[in-house]
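Here the protein sequences come in this chain order: B and X.
For the first sequence, our numbering puts the final residue at 1082, and the numbers step up evenly by one.
For the second sequence, our numbering puts the final residue at 1082, and the numbers step up evenly by one.
Derived from the structure by calculation, the hints contain no laboratory data.
Source: prediction; values computed, not measured.
Warning: the hint list may mix true and false statements.
Which copy? The list can't say, so a pair holds if one copy fits it or any two copies do.
To be verified - Here are the simulated EDC-like pairs of lysine to aspartate or glutamate, each with C-alpha atoms no more than 16 Å apart in a straight line:
1) LYS456 <-> GLU513
2) LYS1001 <-> ASP981
3) LYS1060 <-> ASP1024
4) LYS729 <-> ASP776
5) LYS529 <-> GLU433
6) LYS672 <-> ASP710
7) LYS718 <-> ASP774
8) LYS708 <-> ASP608
9) LYS1060 <-> ASP1027
10) LYS729 <-> GLU690
11) LYS1001 <-> ASP979
Here's the letter readout for the chains.
2 protein chains.
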Amino acid sequence: MKRRFYLASLLFLPLLALAGTVKSPNGQIVLDFSVDGQGRPTYEMTYKGRAVVAPSHLGLELARDKHASKKFEETDLLAGFQIKDEQQSTFDETWEPVWGETKIIRNHYNELAAVLWQPREAREIVIRFRVYDDGIGFRYEFPQQQNLNYFIIKEEKTQFAMTGDHTAWWLPGDYDTQEQKTQETRLSEIRGRFHDAVNWDNSSVAVFSETGVQTALQMKSQDGLYINIHEAACLDYATMHLDLNDTTMTFTSHLTPDATGLKGCMQTPCTSPWRTVMVSDDARDMLSSNLILNLNEPCKLDDTSWIHPTKYCGVWWEMIVGKSNWHYTDDYPSVKLDQIDWQQVKPHGRHAANNEKVRRYIDFAADNGLNEVLVEGWNVGWEDWANMWKRDVFDFVTPYPDFDLKALNDYAHQRGVKLLMHHETSSSTQNYERHLEDALNLMNRYGYDAVKTGYVGDIIPRGDHHFSQSMNNHYLYVVQQAARHHVMVNSHEATRPTGLCRTYPNLVGGESARGTEYEAFGGNNPDHTCILPFTRLQGGPMDYTPGIFVTRLSEWSDNTSWARLTLCGSLALYLTMYSPLQMAADLPEHYARFMDAFQFIKDVACDWDDSRYLEAEPGDYITVARKAKGTDNWFVGGKCDEQGHKAVVRLDFLDKGRKYDCTIYQDGKDAHYETNPQSYVITKKVVKQGDVLRLTEAPGGGFAVSLMAR
Amino acid sequence: MKRRFYLASLLFLPLLALAGTVKSPNGQIVLDFSVDGQGRPTYEMTYKGRAVVAPSHLGLELARDKHASKKFEETDLLAGFQIKDEQQSTFDETWEPVWGETKIIRNHYNELAAVLWQPREAREIVIRFRVYDDGIGFRYEFPQQQNLNYFIIKEEKTQFAMTGDHTAWWLPGDYDTQEQKTQETRLSEIRGRFHDAVNWDNSSVAVFSETGVQTALQMKSQDGLYINIHEAACLDYATMHLDLNDTTMTFTSHLTPDATGLKGCMQTPCTSPWRTVMVSDDARDMLSSNLILNLNEPCKLDDTSWIHPTKYCGVWWEMIVGKSNWHYTDDYPSVKLDQIDWQQVKPHGRHAANNEKVRRYIDFAADNGLNEVLVEGWNVGWEDWANMWKRDVFDFVTPYPDFDLKALNDYAHQRGVKLLMHHETSSSTQNYERHLEDALNLMNRYGYDAVKTGYVGDIIPRGDHHFSQSMNNHYLYVVQQAARHHVMVNSHEATRPTGLCRTYPNLVGGESARGTEYEAFGGNNPDHTCILPFTRLQGGPMDYTPGIFVTRLSEWSDNTSWARLTLCGSLALYLTMYSPLQMAADLPEHYARFMDAFQFIKDVACDWDDSRYLEAEPGDYITVARKAKGTDNWFVGGKCDEQGHKAVVRLDFLDKGRKYDCTIYQDGKDAHYETNPQSYVITKKVVKQGDVLRLTEAPGGGFAVSLMAR
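Only chain B is shown next, with the shape it has when bound in the complex (with noise of 0.2 Å):
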């Protein structure tokens, strides 16, 4: 930590007015920095000579502080400014991920930090490029100094400016919630599309601009180059979105609000997240960049032992269909854990978390090489959990009487499999907190290793939203409580994640998107896993929970809404959705009907130590081969759109001369996800590198494909 009187010294530097430039290592991105006349700190962007990000300002509002000395009332960090030094560097190393697509990764990029210095206030910052063959990632740094101690941001306002109405893939802006359908628009379109985008029947929504929209945010423009612009590392800071100015097609920051409608309270030495630019002129390079995770900094857990991949199934999928219930009793309005013998009440009978049925899932999951299964509606409080803003909502310890915490998971272990806990909050984070050390302690003394938390509905401390700078330390809290624990963490409805993973590994999984569950809501387009990958995968994998055989729910249930998939589609997911956490979300009983095609679900490996991906388009379809962690098999999966595709996989990335027995899931060849999907044929054949397959993707279909080496 500098000293305070750090500045007094810098007073008598001589002060540069430098403009910057900085090349990616390939040379292909030109990152120019300067100051403009009025001395705001500006940007622009190039990709092979092509413009990506016209010039555009940095620099943020800061609020009025009642407690800041008067001298710095009314102030921002917008213009004024002067560069008073600059430093170029070049970094370049290799590192491991705990587990990840590859076995290792390279972070190699080119730096230009500007220091600059803000005269009327006697400030100074630092804003930091680097900029890697991939796309860049800028933040902004705060420097510990008397002069800026403690501030709060009334708005960041970093500009994007695009250079055109590109096409993008987008969702609305919203303080709350990213479970909408994406939309596919020119950038002029996106307010003319605004309203009926909105998720309104989502338990929490807060959108706040007809131009405002969330990252990871997709875009092609009309010459073909693909740019996303995301963040990374977002600590202790708000999340992002971006408001469309869209007559001018510039983007600026919009940070989430806390209950008093500020965007950050920050106190020097601090850093804002990774703002970051990705660009290419092939859509592949969007899903194999490693930009976000070189961003993060370095692992923080000393021991990462605990930590492992994980195939699981759950009591889950015939709740959120309607078919059974996460509550236990219809005898109250409402409940308070207080004051209920819960051996007293009358069961409703549709309480799926009983002690038969989880039974049963063990020996599903112990059968047939998963991991975990996930058991929701174990604990009591599901009687009135939801969208009541109720504080005392979960204890997170007390089973329900048909559920036998310790002999489930004494059978659980006898087969050889764990369960997975649950912890559904309701969105009461304080009332979480105040049990967080319990539920832990009590994962610890069953043997549990994982949770899957939830934020279900208005956050409490009411008036606090779900990705404001509160809540993101909320969710990081969690996660670092559970490291304590050895526990990994997967985490729904909590913020999209921007790369944390790197540097807390046990942040295995999250929801922060639409996911398999809304197939039972209405359902979700079939381009939506062919988006998904270009977005909200960006900063982080998804528990989409994919899996799902029997996609007409109305053949085992009410629910009149079904999946729009094939049958092969549902296990290209297991390749084109990366995650370290995959479930096979269907029920036993499904797959029982389908054991050859679940072959491949038992087989697919959730861990990797390469991945190529061979074909991309957004919202078109995804061609991905990946090597499974510690073996020279290879698995490869294929997903499109409702327009059908044709996949031509080119086996390259083989060993020489060696043979593979290659299985091939592909649709039948009258496959349809509305019409026909459970249509697919199974082939195999031997294969050598060099050799190549055509595969026809059904309409809202895919393939998957595994290669034994020999």
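Got chain B sorted already, so can you dock chain X onto it with the hints?
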């Protein structure tokens, strides 16, 4: 808990349209309840036939709840009621407080429970009145029912219609502070005085109305009735203020909002706190009343053996005065606890909580029969603790390098005293709750059994207020968690008490008003302590921290403030300001100069078998005699305002035929709080029942008497 079909059976009961009357046991107070033509619940109250509360309406406005079924979006509990049933009953019991002013307390009242039916919404509420000889209490009760399950309070609209332009001793209504100077004006003069009455310099100020005042509000009618409005048992509900219509002289309740502006989130079955109106034509009855304790629930702690009244000194006053500091270093403009190596920082040399000084205080306590030694500033984080809205401000477990936690506790225990823990939260309640269990475990480990908590500054979660429902829940949560660890709590800057110490007797004290510290911040008015027992102390004891002997702070510091009372006035406070927790707040070296007077502080008890208020007039004087717990010894104290007072103490309360060694500590003839505060005379004699002591209290003075049974 009632079944959800509870209401169905009630629909067929006949609806009554009664008005009810209930009298106090002695018949002097009469409470009338009725429903007016618009179905508004209405009450009025008389005392000895004189109107105390004119007809006043009762009810609540409910907020729109976006999550409630549409049917109840706009609704209220204000009008359209029918009286469905009225139940009258009588209650008479005595109970023993764990600590208190008397050994036993009688709880004797007549009750009227009006069951009210609102046909429009098919909802039922109960308004329950308890009528005592010294006042009334009433509350709203909300049974569990389908049509009133969860609800949000927009505002409670309880009226208290005064019958004249009474004199009132009031504080400005404020959501965050109670540390103002009390104003004495007519009700009609509140508006004109309001702005000047606000303590704008407080670390957190949130006023809401120019006629808004706090409770307990003490009034006196022009014909000599003493009337006091407050509340009892404020549990998980926002603290009430009173907003005056100064045309009609009607107060309406005004609750403290949360960050969203809402006043309460309720789940049936539940109740409001009790609203209390005390009345008498003898001011002494205001002080001896146990109405507020009686309206609280009995003790909920199974074991109270670890709770003990306590006299203490502490490393505190010299920091308040500015002679030394809580913080340890000036090296940093701000600190981050996880980034500082405290062993390496440079101490500024004014850190009070150091080993040498604390040992001296331990010796002083041990030598003088004090039980504990408070040490503030022992833990890291004080460098930038206040008014920064800093979340991670303290960890409550890490001492500064010059405070040897183990050695000092060991030394204290060896000398027969304990250290008293200090947890300043800086109002970062989320941070405090995160560390609370560790902090209490540390206390257990080192042998602390009491903690002084503090809530200086604006609340985190940001936007919340000190007296909101959620903060009241927080304070109680801390008390409950402390009880699990056998820790007593003394909470500063927390919400004003409402008698919860009956239910949780480990809540041994609090501040919630302008305490002795303000003698170093410009001074308290001489009449301040002649008002507090009528107002702040109604809800529970105050840690006023009396005992300042050297009132001119400039004698030993650069502080030009001075305490506005005589040395004998200081002694009197140990009796007139009832508390089971009493501090000897001045420095040991100051007491050393007046050891003959300090003898009284050594002798005086702080727990009592009996208390007799002998003389009282709000803002003028209070004289009280108390019998020390488990002994035959009495202590008498008298305190007056700047006018002086001639007290007449009739020793009628002594045992007949017994002799008592009487020591009188009284102001010298020339004593005066400003010009000659340290003038006092100590007289010893032997007295018996029936003797009369005539004692002259100087301006701003007082007296203290010990009566030791032979």
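Against the structure, the hints come out as follows:
| no. | hint | result |
| --- | --- | --- |
| 1 | LYS456 <-> GLU513 | within (14 Å within a copy, 67 Å between copies) |
| 2 | LYS1001 <-> ASP981 | within (5 Å within a copy, 77 Å between copies) |
| 3 | LYS1060 <-> ASP1024 | within (9 Å within a copy, 111 Å between copies) |
| 4 | LYS729 <-> ASP776 | within (12 Å within a copy, 56 Å between copies) |
| 5 | LYS529 <-> GLU433 | within (7 Å within a copy, 41 Å between copies) |
| 6 | LYS672 <-> ASP710 | between (39 Å within a copy, 14 Å between copies) |
| 7 | LYS718 <-> ASP774 | within (12 Å within a copy, 60 Å between copies) |
| 8 | LYS708 <-> ASP608 | between (33 Å within a copy, 14 Å between copies) |
| 9 | LYS1060 <-> ASP1027 | within (8 Å within a copy, 110 Å between copies) |
| 10 | LYS729 <-> GLU690 | within (11 Å within a copy, 67 Å between copies) |
| 11 | LYS1001 <-> ASP979 | within (5 Å within a copy, 72 Å between copies) |
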